[in-house]
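Chains A and B supply the protein sequences, listed in that same order. First residue of the first sequence: 1, per this note's numbering; consecutive thereafter. First residue of the second sequence: 1001, per this note's numbering; consecutive thereafter.
These are computed hints drawn from the structure, not numbers from a lab. Hints should not be assumed to be uniformly reliable.
To be verified - According to the in silico footprint, chain B covers these stretches of chain A (three or more CB under 8 angstroms from chain B):
hint, segment
1, 67 to 73
2, 203 to 215
3, 267 to 278
4, 542 to 551
5, 645 to 654
These numbers come from a predicted model, not from an experiment. Idealized CB from N, CA, C, for every residue including glycine.
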Amino acid sequence: MSRPVTRREFLKKSLASAGLTIAVSITPFGHKIFAIENEKDIPFKPSVWLQISPDNMITVSVNKSEMGQGIYTSLSMIVAEELDADWKQITVKSASARDEYKDPVWGSQGTGGSTSVRHMHDTLQKAGAAAREMLVKAAAQKWGIEESDCETSSGTVRNKKDGRSISYGSLTEKAAQMEVPQQPKLKTGHSKLIGTSIARLDIPAKVNGSAVFGFDVQIQGMLYGTVERPPAYGAKVISYDKESPLKISGMHRVVPITRGIAVCADTIDAAWSGKKALKTIWDRGIQPTMDTKSLESDLLSYLDNNGLVARNDGNVTEALKKAAKRVEAVYLLPYLSHVNMEPMNCTAFVRKEACDVWVPTQNQTGVLELAKKISGLKADQINVHTTYLGTGFGRRFETDVVEEALEISKATGKPVKVIWTREEDMKNDFYRPGNSCRIEGALDDKGNLIAWSHKVVVPSIFARAMPGAVKNGIDPAAVEGIENMHYQIENIRVEYVRIDTPVPVGFWRSVGSTHNAFTVESFIDEMANAAGRDPLVFRLSLLKNNPRLRRLLETVAEKAGWGKQPKTGQALGIAQHFCFGSYVAQVAEVSVNRQNGQIKVHRVICAVDCGSVINPDTVKAQMEGGIIMGLSTALKEKVEFADGGVRSSNLHNYEVLRMNETPEIEVHIVVSNEKLGGIGEPGVPPVAPAVANAVFKAAGIRLRNLPMTPETVVSALRKG
Amino acid sequence: MIKLTVNEEEYKVDVLPGVPLLWVIREYLKLTGTKYVCGLGLCGSCTVHIDGKAVRSCQVPVNDAVGKKITTIEGIPEDHPVKQAWIKEQVPQCGYCQPGQIMEAMAFLSEKKNPTEKEIINHMSGNLCRCGTYPRIKLAIKTAAQKGGRQ
């Protein structure tokens, strides 16, 4: 049978068959079309965080964005543990942007900084415990017994006296009448779910293709919007053809918006043809001579500027003067792009009385505020639907594409889906800032490290994104991992030189630690070498007050076979870094091809101490992914600039790591039962310095610039 | 009107013949499991099967797919050993590239029943994953192969 589907017919059909007269909502598991009355069927909703329906299903509302870090599962585990639910009962719903869903630590709704479990843990524990207490009370009343004669297990309440039991689902109506306890008792005894590698809730939908990402949103009657944006920073339109696009079949409107010229059409291909037909001519922007070379030379020349002092212990100048041995090194690291697999996108529908935004965002509060501003509506008239995120890495903290979709929808009165091409995504990123640093270190005559002076030059992320976090002119990201380095050195000075360029910079998975871990952990190796000491032993000697980190380094070294003879041509390098509340140490096993300069990373052994662990397999997955992303930046990634804008455009000229370049990875979780640490970001920073340190050992060359491409290796080998 | 056969269903679509198959599948037929990442055939996220072969749908003008048997992730049965292996090994993180990875792996295993590690790596290196699920993809392919991955 043949099924005709022009775009409109298809929509009519699918909607008609569902008998739709109301709203289309998106759940983590796909489009869900529901009648508003359905909401009334849910009798037990003890808090905004969960609801239990009479069919014995438990829905956890998650206020954090699922971008691959497994947060839908981890947060649900915390609720289910305290609730004493059967894991099979659990489903997840993405929470809308509302005050009650704000992160209790931040006071806003968003996902980042590897904080989700850390910030939500106590709240969700309480929510689960409160619901359990109410269910127990309901059962006790039903049976006419004391609450102490009841116990819970796997989603049921059991009468200890006669052994009868009743499911949570059957208790919902009665439980809903109970007062919500404000100080519920937490469960005692050992955990059933926490600490186990429960299979992730989002994986089945991601395997069968039904998971709805922002890119996949389809709204009745929607238009496709695409935006012509300046090719160089700050460029202004000289002219464009308003008429030609309108001759294209399916074209609706050409709308100038804040960020460029928008074209919208019935189909995505018509929208793109329309954009081409604009034949926009731009001026050359605010700094047409800006290119990779000029940005790099500025970064290096700023090293001679005086910086703001972020830390000053002892007297570095004196210590450097009286050193038996001094080492000085300059490092230079590139701008990086996020390369989220799912390009930036947003679908918005602004009406007179309501506004809906479907978006893969890490920043629900930012989206809501923007929607209020553009639509002129109040918060309770706006629905922010967070879809799955095809990675986030900090890029989706920004709301640039949301602004585009809202403005176009407002101008056209239609639902508008704005999807970026890879080229648009790469050229309009908020990049990990390029940066440079000069480090000086001093050894005394016994080879002890007595001084460390570290000046970093880097654009400020926080100055734009969260100016309140900049204290005394110092961007916390700029000095993170240097200013708080864990090595005990008597004389330390850390300076920050801010450099402003036209290139917008933003949060990139593990933020300042991406570059500062590389320079600190490379330079500590340089100092170990200058002292003629083993890099591991040298590090341990500087960590006498930090048994936790010492144990981690010893673990990773032992697992990697540190000190044993590696295979011919191979060498090991080690690095550690503390960020987002967790310690990670890694050893890379590397060989260097002296002819073509190719670095081969054979193995990476990783040890992580993130305090206590919710889901060990999730921790492992985040370490694996962090190592691969970190290795990608170590070996391949660098944004190129030209003519006052971005030259890199797609995956052929901004390459990321592939399977054939991926080493064997081993992850060891060191359980310390310390405070919960973050897990999304800390896996990234140590791998680049571990590789650079191994390359030094293998080939005798110290690579201080990233990425470590074959060309840089060959050139360093030539210099000797 | 262009006639397409996708997942054993016939569709008539009002679309220009040069539009890449990817966009027709996603935005006209609303089969959104097939993903866009690069549009240049460099990442493999848009991989579908055309007459049983893994193809980058962003590189195929829709007209070239007329009269052929197109299969997308939505057309793969839930109990397929490759899908099952992907769940068993907990492969996806963000999940965006995974339909493409699965379609590529399925076509690969239908030609190579018991691939070596090296063959898996060589074959799968055309499919990008930014989350870094490569070790688990490798594992899942081995798991599926052991189960005697069927076509």
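Discussion item. Run through the hints listed earlier and report the numbers of any the structure violates, in increasing order.
Written reply: 4
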